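Q: Below, each chain spelled out in residue letters.
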Amino acid sequence: MIDMIETRAPIETPIHPIISRRSPGRIVRRTVIRFCTVYLPTILLILFVITPFLWMLLGSFKTNIELMSSQGQTLWIKEPTLDNYVRLFHDYPFARFFLNSTIVATGTTMIAVSFSAFAGYSLSRFSFPGRTVIGVAFLVTQMLPGVAILIALYIQFRDFGLLNNYAGLIIGYNAFSIPFCTWMLRGFFDSIPRELEEAALIDGCNRVTSFFSVALPLTLPGLLATGIFAFILAWHEFVFAVTMINDTKMFTLTVGIASMKSINIIDWGLLNAGVVVTTIPLVILFAFVQRYLIQGLTAGAVKG
Amino acid sequence: MLRKNAVAYLFLLPACVSILFVDFVPMIYGVRLSFYVKNIFRPDYQPFVGLQQYRQLIEDPLFIRSFLQGWYWTIGSVIGSFVVGMVAAIVMNQRLPARGLIRGIILIPWVVPSALAAMMFALLLTSVGLVNTVLTNLGVIHDWHPWLSDPRTAMPALILTNTWKGFPFFAVMLLAGMQAIPVELYEASRIDGATAWQTFWYVTLPSLRSTIMISTLLSTIWTFSSIDLIYIMTSGGPFYATFTLAMFAYVTAFGTGQMGYAAAASVVVALILMIFTAIYLYAYLRHSDA
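Residue numbers (the numbering used here), protein chains in the order written: chain U, 32 to 335; chain L, 39 to 328.
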């Protein structure tokens, strides 16, 4: 053993005849390369992402006259105004839109995560006839085009009186939430070592209690990540809501915002303010939540 | 046997019943619906016509056009999102100051609903919007251009918006894949004297093969069937220039009320996506090393 270590040859590091490793020229060249390949793309990416928001923010404080001026837009606001925001809250029931979205998203998340936790655990831990088929079925439902399901659901909802209410939206949103959440949670359950549950079984638990007392608490980060995901998906949803809901009082936030854009009259300032009011809070919330999301996503994705 | 697996089936029950009723049953109902002429404005006249509506679809020039434009929209969006997402993944993988903050900023478009992103870019692309202002000030164009009203530039404008919205998905997937690449591979390539580009092309990309495959497949499927952005930004116009197949199905159903015909169109969308998935997976497995 010892002589193996002794006889191992050191790795030769070639020394460039002209530019030694520490020379200033090489450092400058390395920094320039690093700037081009790392810093520049980073800055460009950040600009790409942020610029639309900044433009909206800027425009929301301009008057309509200034926004539509033929001289074009400048970074300097000639006549700053809060009028757009005043009109926004006066003309549109944002609180109501917000409430609707929250209720629907919360309802969807609670149902989707609980149903999917059970289903994901079953697919992960048990082996039973039909396991592969059912697993594939969950996967396939994610790939079904929404339009196909939408048409049939509209007709059925109309017949069952599920249009224009929360229940209809929550049921509909679970159509795409449950398959996705099951897939995610299955990945999380897969990453928990079986020995822990087997220890619980030996200690006298049955399958059900070991699920509640061992598996579930261990998957808490996964449940959280999945829940946040489901909530965001439901919050973002537009097409289903705009199809099933005609009553302005029941509009979700996305539908409410879209309703501000009519074909004939476009109130630029109002639209700018509307977009700002709905996106900036989301962005700020995301800033706090994103760390858990990325952790949850990458953990599930790598294992799965 | 049923007794032994009772718990397994019981656990599956709520989720399975749910997706049975809101995914599979509507799908089957949609297929059945495609064999009938059903117009919601004429509830009394609903004859069974078999495959006639499918034949109508094939001969419908708007359908053919929507099919082609659907792929234009999808391939453009997926490629755009993939390229930007790859750059973003590389950036997020670097050791940079304020790394967490940079990651958070880059992922912002993911948390913005498509509908809102659509509104935002619709405003940015107007005659007095950001795009026209910057381009005229830089001298790239002489006068403002109606991006969303010009049939030639409408779709590229939509693709740009979808790229902005969609690249974080690729960024996260690719980042996760990159972080799973063993460090030894990079060390070996460095010892062999590979340049950064060579390392990327011969080490990073091949290791990401399965991640790339699954993310591009999912993105293609979702983008092809999506209508959020298109509906809000152009409603399929101008003059059907941004009419994709999914838009065709939706507008036929809820615009003109021809539910049966639209059901046939959406069944075709589902079939196209299934065939695409099969071809894609076949090509992937065929060229797999394992």
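Heads up, some of the hints might be wrong.
As the list claims (entries may be wrong) - To give an idea of the interface, some chain L residues facing chain U are shown, with a C-beta separation under 7 Å as derived from the structure: (1) G68; (2) M158; (3) S248; (4) I250; (5) I252; (6) I270; (7) A301; (8) A308.
As the list claims (entries may be wrong) - Only some residues are given here: those of chain U computed to face chain L with a beta carbon under 8 Å: (9) I77; (10) P83; (11) F129; (12) T133.
No wet-lab data here; the hints were simulated from the structure. Here the structure is a predicted model, which means the values were calculated and not measured. For each residue, glycine too, the CB sits at the ideal point set by N, CA and C.
Q: Taking the closest Cβ pair, is I250 (chain L) under 7 Å from chain U?
A: Violated. Min distance 13 Å.
Q: Hey, does the M158 (chain L) contact hint survive, CB to chain U under 7 Å?
A: 5 Å, holds
Q: If you take the shortest Cβ to Cβ gap from T133 (chain U) to chain L, is it below 8 Å?
A: Since chain L brings no Cβ nearer than about 14 Å to T133 (chain U), farther than 8 Å, the hint is violated.
Q: How about I77 (chain U): closest beta carbon in chain L under 8 Å, or not?
A: With a minimum Cβ separation of about 5 Å from chain L (threshold 8 Å), the hint on I77 (chain U) holds.
Q: Identify whether the interface hint at I252 (chain L) stands, where standing means a beta carbon of chain U within less than 7 Å of its own.
A: 9 Å, violated
Q: Would the hint on A308 (chain L) stand, with a C-beta cut-off of 7 Å toward chain U?
A: 5 Å, holds
Q: Closer than 7 Å between Cβ atoms is the bar; does G68 (chain L) clear it against chain U? Give me holds or violated.
A: This interface hint holds because 4 Å falls under the 7 Å limit.
Q: Does the nearest C-beta of chain L fall within a distance shorter than 8 Å of the C-beta of P83 (chain U)?
A: 5 Å, holds
Q: Would you settle whether the hint for I270 (chain L) is holds or violated, based on the nearest Cβ-Cβ distance to chain U being less than 7 Å?
A: 5 Å, holds
Q: Return the status of the interface hint for A301 (chain L): holds when the least beta-carbon distance to chain U is below 7 Å, violated otherwise.
A: 5 Å, holds
Q: Would you settle whether the hint for F129 (chain U) is holds or violated, based on the nearest Cβ-Cβ distance to chain L being less than 8 Å?
A: Status violated, d = 13 Å.
Q: Do the numbers back the hint for S248 (chain L), that is, is its least Cβ distance to chain U under 7 Å?
A: Violated, about 11 Å.
Hint compliance for this structure: hints 3, 4, 5, 11, 12 are broken, all remaining hints hold.
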